[in-house]
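K.L.:
Add chain B to chain A, keeping to what the hints say.
Each chain is listed here by its residues.
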Amino acid sequence: MPEHDDLSAEAALREVDRAQGAVRKSSRRGARFYLGMWLGVTGYWLATLLGPATVKNYAILAIGALTVAGFIYISRQRVYDRRHYRLSFSVTAAFVGTTVIGALYNMFLHPQEPGPLWAVAGVLVALIASAPLLYGAVRIFRSTDDR
Amino acid sequence: MSHPRHALDEIIHAPVRLSIMAMLAAAETAEFGFLRDTIEVSDSLLSKHIQTLEKAGYVRVTKGFVGKRPRTWLALTDEGRDAFQSYTSILRQITEGTPPG
Chain A
1 MPEHDDLSAE AALREVDRAQ GAVRKSSRRG ARFYLGMWLG VTGYWLATLL GPATVKNYAI
61 LAIGALTVAG FIYISRQRVY DRRHYRLSFS VTAAFVGTTV IGALYNMFLH PQEPGPLWAV
121 AGVLVALIAS APLLYGAVRI FRSTDDR
Chain B
1 MSHPRHALDE IIHAPVRLSI MAMLAAAETA EFGFLRDTIE VSDSLLSKHI QTLEKAGYVR
61 VTKGFVGKRP RTWLALTDEG RDAFQSYTSI LRQITEGTPP G
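Going down the list, the protein sequences come from chains A and B.
Going by our numbering, the first sequence opens with residue 1, and the numbers climb by one from there.
Going by our numbering, the second sequence opens with residue 1, and the numbers climb by one from there.
So here's chain A without its partners, still in its complex pose (with noise of 0.2 Å):
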């Protein structure tokens, strides 16, 4: 008897949508990763902005730390979802450039003591420095509800 024949065409659909659940599951917590460093990023930014000396100092360790943090959960990531996988690289493309753009800022544009204007200035840089991330988040959520 071939291994197949109590195998319905409508079992085997549903075998299929659980498979791929399971996979898709597994990106949900790409999102959450995706949005931890965002958090992260933007405290990063706003600490280096704003934040008093000794804070800035703090926040140069934790940013470090969570780099670390984010290489080591990617080495440990057991499935890449293929949708994910594509966006991963245009999110990591995109946030670098945001990244250079807050570095830049920061270097030549940024005063040390910086007044209520500069304050609001900061806040949007350390927005979209890390907005790229929060746009990965959000798209691998929203595809996950979907599918």
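Honestly, the hints are just simulated from the structure, not real lab data.
Please read these numbers as outputs of a predicted model, since none were measured by experiment.
Heads up, some of the hints might be wrong.
Said to hold, decoys possible - Below, simulated SDA-like cross-link-like pairs (lysine to any residue); rule was C-alpha separation at most 20 Å, straight line:
id, chain 1, residue 1, chain 2, residue 2
1, A, Lys-25, B, Glu-28
2, B, Lys-68, A, Arg-142
3, B, Lys-68, A, Lys-25
4, B, Lys-48, B, Arg-60
5, B, Lys-68, A, Arg-76
6, B, Lys-48, B, Phe-32
7, A, Lys-25, A, Arg-142
8, B, Lys-68, A, Arg-78
9, B, Lys-63, A, Arg-76
10, A, Lys-25, B, Ala-75
11, A, Lys-25, A, Ser-75
12, B, Lys-63, A, Gln-77
Stated by the list, open to error - To spell it out: a stretch of chain B is covered by chain A in this simulated footprint if at least three of its residues, at any positions, have a beta carbon under 8 Å from a beta carbon of chain A; those stretches are:
id, stretch
13, 22-34
14, 80-93
Glycine included, C-beta positions come from ideal geometry on N, C-alpha and C.
P.N.:
Same frame as chain A, but now just chain B:
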């Protein structure tokens, strides 16, 4: 022999291999242990089915290390992706009762 069930790919249409193919179709790449834990089969049974799929040219197996731990990564080949797409479209023809296109 006009019923679409006759066109079902025998290699894919088996419970464990179907689960492997479905997961790999949604994934860029997946680790052997992830498939084993999700499909809930033994290492030896999973290896056997992966060998069948690899022989058919549907699955590509890559071995490597994460730190000092050996890891086996699996991915669908283009041929495997086409075969799975064709397989699921036949399943839908059967369940929806539409004639083959």
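K.L.:
Does each hint hold? Answer for all of them.
P.N.:
Each hint, compared with the structure:
no. : hint                  : verdict
1   : A:Lys-25 to B:Glu-28  : holds (15 Å)
2   : B:Lys-68 to A:Arg-142 : violated (36 Å)
3   : B:Lys-68 to A:Lys-25  : violated (28 Å)
4   : B:Lys-48 to B:Arg-60  : holds (14 Å)
5   : B:Lys-68 to A:Arg-76  : holds (13 Å)
6   : B:Lys-48 to B:Phe-32  : holds (12 Å)
7   : A:Lys-25 to A:Arg-142 : holds (12 Å)
8   : B:Lys-68 to A:Arg-78  : holds (16 Å)
9   : B:Lys-63 to A:Arg-76  : holds (15 Å)
10  : A:Lys-25 to B:Ala-75  : holds (18 Å)
11  : A:Lys-25 to A:Ser-75  : holds (18 Å)
12  : B:Lys-63 to A:Gln-77  : holds (15 Å)
13  : 22-34                 : holds (count 11)
14  : 80-93                 : holds (count 3)
The structure does not agree with the numbered hints 2, 3 stated previously, though it agrees with the rest.
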